[in-house]
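With chain V's structure known, arrange chain C on it following the hints.
Protein chains in written order, with full-length UniProt numbering: chain V, 1 to 794; chain C, 1 to 299.
Some hints here could point you the wrong way.
To be verified - To give an idea of the interface, some chain C residues facing chain V are shown, with a C-beta separation under 10 Å as derived from the structure:
{"hint": "1", "residue": "1"}
{"hint": "2", "residue": "43"}
{"hint": "3", "residue": "107"}
{"hint": "4", "residue": "155"}
{"hint": "5", "residue": "188"}
{"hint": "6", "residue": "264"}
{"hint": "7", "residue": "267"}
{"hint": "8", "residue": "271"}
Said to hold, decoys possible - One side only, chain V facing chain C, incomplete, derived with CB under 10 Å:
{"hint": "9", "residue": "135"}
{"hint": "10", "residue": "293"}
{"hint": "11", "residue": "659"}
{"hint": "12", "residue": "719"}
What the hints contain is simulated information worked out from the structure, not anything from laboratory work.
Keep in mind that this is a model prediction, so the values were computed, not measured.
We put the CB at the ideal spot given by N, CA and C, even for glycine.
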Amino acid sequence: MTSGAQVAQEPATSTEYVGVSVPRREDFRFLTGTGTFSEDITLSGMLYASVVRSTLAHADIVSIATDAARIQPGVVAVFTAADFGDDEMGTIPTDWELPIMDGIPARYPLARETVKYVGEAVAVVVAETRVQADDAAYFVDVEYAERPAVVDAELATRDGAPLVHDQYERNTSYVWHLGTGDWDSMAAAADHTVDVRLVNQRVHASSLEARVSIADYQVGTGILTLYLGTQNVHVVRRNLSIAIGIPENRIRVVTPAVGGAFGSKLCLYPEDVIVSAASRRLRRPIRWAETRAEHFTGTSGGRDHIEQVSLAADKEGKIQALKVTTYANLGAYVSGMGAGIPVVSGMVYPGVYDIPVADVDIHGVYTNTSTTETYRGAGRPEAAYLIERAVDELAAKAGIDRVELRRRNFIQPHQFPYSNATGMTYDSGDYEKALDKALEMIGWDDRVAEQAAARAEGRIVGLGLSVYTEFCGFGDSFQLQLVGFDRATWEQSVITVTRTGSVIVQVGIDAAGQGHETSIAQIVATELGLDIDDVEVLQGDTDVVHFGTGTFNSRSMSSAGTSAALAARKILAKATRLAAHMLDVETDDVVYRDGVFSSGPQPEGRQVTFEEVAVEAWRGVDLPEGMEPTLKEIAVFDPPNFTSPFGVHVAAVEIDPDTGAVRIDRYVAVDDCGNQINPQIVTGQIHGGVAQGIGQALYEELAWDEEGQPMSTSFMQYPVLRAHHMPRLETGHTVTPSPVNPLGVKGVGESGAIGSQPAVVNAVMDAVRHLGVDNLDMPLTPAKVWTALQEASR
Amino acid sequence: MIPSSFAYAAPATLRDALSLLAEHPDDTKVMAGGQSLIPLLKLRLASPAVVVDISRLKALGEIEETPSAFRIGALVTHDRLLGDEAITEQWSLVRDAGEELADPLVRNRGTFGGSLAHADPAGDWPAVALAADAVIHVQSQRGAREIPANDFFTYLFTADIADDELLTHVELAKPLPGTVTAYVKIDHPASGYAVAAAGVSLTIDASGTCRAARVAFTGVATTPLRSAAAEQTLEGSTIDAETIQRAVDHAADGINVIGDGYAPVDYRRHLIGVVTGRAIRRALDRRNCTPDNHERPHT
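For reference, chain V alone in the conformation it holds in the complex:
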C-alpha cells in the first residue's frame, strides 16, 4: 500500500541515523502482544470501579439511592458527590481559559445538583472484582427531574434555548474576534463574492485502547500513584494535584504503552479523579477500565463547528477579504484545551492565501453533549476544510480554474515569516513546489481529460485538491499566555551517560504509538556519534522524567527532539573537553567521530573511545580544572514560534449513481514537514492521518438526537474506517526546513488529517456541482449524496 516508505539504507557514516528509516524499536512489543498497557497492570489488593452515569442529557438529580448496591456481593463502597468535600474531590481544572470567558463552569468529577450530558458520572461502585462492581452498579437508583436539553451549538445561542448552566444568562461562553481591515468595504468593491455554510461534524478519535485509570494511594508515604493512558503525565499530575489537594511532589503519574490517543487523552478526566479520591479514602488501589460505550459517550470528541464563510475577490480571483462566523460546540463543560481550539482554528482560516482583510467571530457555546477537545489536527482540519471548500466555490462561481486561482493567491516564499490577517505567523512555506509535485504525481491534466470523457458516458466523477498549512510545536509562550493558554510551551530532555558508555535519554513527551523511542534515539545517536542501540529513551513517568509538557500539536520532534539534540550537544562538549584532557591536547584539536576521540585527524592521532571518556567522567578522579564528575546534562528548548507544515492532497473519486456511494480511485498526498528524522514514520503518520480524514469526510459522525441521547455507542453504529475502505495512498514530500528550531523539523502527526477532508469533499463536489448540487456536508454518506442528486435532478 505504501509508496513513500523507504527501506533503511546504509547511511553515510554508521551513526548518521537522522533521515534514515530505522525500523521502529517499539513495533516488536506492539505487534507481538508483549507491550504493557494500563489494563495489564494489576496491583496487590486492587479493587475495581464501575461508574454509574447519567441517562439523561439534562436533569436535576432528585435523589441517589445506593443502599441496594452497597449490599451486593463484593461491594466495598459506593460513592456519590455527597461523600467528598471540595478538598478531597474538587473541580477539574482546564488548561486553556480564554481571558474573555466569564470563568469556567464548575465540573465536579461526580455530578452534584444536575447532570448536563448523557454519560456524566453520578456515582461509583467499588468492589472486589470487576464483575461485582458492574453488577452492583445496576442497583444504584438515581431519580432525575428532566430538563430541556440543547445539542446544536447554533441553536443553543438562540433566544429561549434551554440554558446549560443556570449561572450564565446564555449558552455562549465567549465570542472571540479575530482579523484586521474592513470586510464590508472590501465586499462592496469585490467582483466576486461567495457565501458558504459548512458543518464540520463531531467525530470521535475511537482509539483502539479506551481509557483506563488505576490509582494507588499509599497511606504510609502519602504518595498517590496514578497509572493511565495519557499524552501528558505532567499535566495530569498538576491538574490532579489541584483537584484532590495532594501536592505535586507526592503524586506520581505513569503512562505505560498507550493504544492510541489522537488528542482524546490530553485532559484530566473525571474518572482519573474519582479513582484517586476513592483510593485515598479506601487505602487500596482501584482500577477503572472504560467500556467502548462509555468511551463514545464520555471521552471527548473533536470538531463540531458550524461555519458561515464568505470570500470577496477581484476580477482575477485575487481574494481581498474573508469573513467567518463560527459556532463551536464546547460540550457541557470546558475540557482541557477545548475552549482554545476554535480560536486557534480561526487563526489559520486564511490558509495558504495572502488575504489582506479578515473578519472572524468565533462563538464558543455550551450544549448538553460530552465535551469537545483536541482531536488529530485540533482546529487546523476545520480551518483547512473551511478555506479550501470556499476557494473551490469561488473558483466555480468566478469561472476561474481552481488550480490557477490558488496559484494567484498563494503566499510567496519570499514573504516568510508571514503574518496573516488573523494574527498567526507562518515560519516558512513553498506552496507552488508542493502543488506542482502533487499535480505531477496524479497527472492532473490527464485526469481532467479522462474526467470529461467519463462524464460524456454519464459517469459521475470528480477531482479535488486541497492546499493546507497548519501550525505545530506550540511556540511563543508569551503570545500563548496572552490568550490564556495554561500549559508550558518548552520541552526538556535529560541525558545521562552510564559508567559503561550507554546513554539514557529522558524526555517530557509521552508517545501513544508515534515511535518516539526510535526517532529520539536517532537524533541522540546521531548527535553523539554512537550506535543507536546504545541509546535508550525513557518517557511517561513523572518519577523518571520530572518535567514535561507532553505529546500534542505534532510537537514532539520540534520540542523534545530539539531539546534532546541540545542536551546531546552539551554532553559531547563536556566529553570532548575531558577527552582533550585525557589526550593531553587542546579541546579544539580533538576530532570526534563514531564514538572515537582523536588527538588529530583519524586514524593518525592518539585515540580514546566514548566509553573510556564515560568511565573517566564517572570515576571523577582526574578531571580538567573545575569539571564535575559524570556526563549528565539537561536542555530545555522553548520554541520562539510555531512551525508551519504544509502540503497538497489530491483525490479522484467516482460516485455510484444508483447508490450515491463515493469511491476514491486515486489519492495523492504531498506533505512538507521540514527535515525528516525517520521517513518511514513520517509516511506512516500521513497514512494514519489521511485514514482519519477520509473517515470524517465519508463515514463518521458522533451525533445526538434532539433530546441529547447519543446515536453512536458502539462500533456497530460508528464507522471507523476499515482496511477495505482505504484507497491506496501515493505519498510524496517536499522539504522546507523550519527556521524556528535547529533541527529544521516541523511535525507531521496531524498533517494527513488536515489535508484529506477538503481534498475528498472537493472531489465529490467537483463530481456533483455541474449536476446542480451546491453544497454537501460531511460525512458524505451514500444516502446524503444520492438524495442530493435526486433533488438536483428534479
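Below, chain C alone, put in the same frame as chain V:
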C-alpha cells in the same frame, strides 16, 4: 463489558440438550458459535438465566448430501458452508453471501443454523434461506417440526422456534435444472450488516421463460422477507431489460421499509430496487457459466 452471571450447560447429547430446554423453557439461550449471543451478553442486551452451549453435539456439525437435497447441521460454520463446493456450485448465492458475511474470524466460529435462529433482520443467511426455499428443522421433547423459510422469520430477532425447541438442521433442496442464483449486499460501513441485500433464485427454461422466481431481502424491514411483487413480475416472463426494470420498480411494493439515520426510508426503498436489479443481473450472468448451468444434467 462483562455479562451478568448465568448458568452454563454444555450437554453432550441432543437428548440432554432438549431435556435442558424443557426444564428451563423461560430465560434460556442456546449458544452455537456464540458470534451473536456473546456480544449481546456482554452488552447485557441479553441476560438469560441459562446458556445451553450445543457445541458438543457433533452430530449437528455435518453436511449430508442426498440425491435431492443438502442437510446442513445446526453447527456447520459459515466457513465450512462456504467451503462446501457441492453446495456453492449449485447455489451460487451461498458463496456470494458467505464471502460478504462478517470477517474470517466470525466465519470460523459462527454457524449457519445459529444465524437463522437468531433471525437478525439484517442477517445474510435468512435472505439466502428464503431465496433457496430452505426448510428449517426443529426438535423438542414434544417432537420434530419442519418450517419453510418463508414462515420462519416472524419479527425482529424472532423466529418460529418455541422456547423448548432446538434448530437441528436446515434442508436445502437441490435446485431445479435451469436455476441461477445470486446474492448482492450493500453493507453498513460500521456493522457490515446489510443496509439492503437481495437473494435471488431464478429457474429459467430452455425457451428463456422464467418458471420460478424467488426474490428475498434482508436489512430492509422488521424481518427478512420475500418480494411477492418482484417474483410475480419475473415468473412467466422472459428476463430481459424491461422485465428486470419492472421487477426493480416493484421490488419494494408491499414492504413496510424501515429507516434510520444512515439509510432513511426513501433511500432504503430505492436500494431495494438497486439490489434487486443487481442480483438478477448477477444471476443471469451465471446462466452460461459452467458451474451454474444447471441445464446440463448432474451426475
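For each hint, the structure was consulted:
1. 1: 5 Å, holds
2. 43: Cβ of residue 43/C sits 8 Å from chain V, so the hint holds.
3. 107: 15 Å, violated
4. 155: 20 Å, violated
5. 188: It holds, given that the least Cβ distance between residue 188/C and chain V is near 7 Å, below 10 Å.
6. 264: 6 Å, holds
7. 267: Given a least distance of 4 Å, the restraint on residue 267/C holds.
8. 271: With Cβ-Cβ at 7 Å, under 10 Å, it holds.
9. 135: 6 Å, holds
10. 293: It holds, given that the least Cβ distance between residue 293/V and chain C is near 7 Å, below 10 Å.
11. 659: 6 Å, holds
12. 719: 4 Å, holds
Hint check: violations occur at hints 3, 4; the rest are consistent with the structure.
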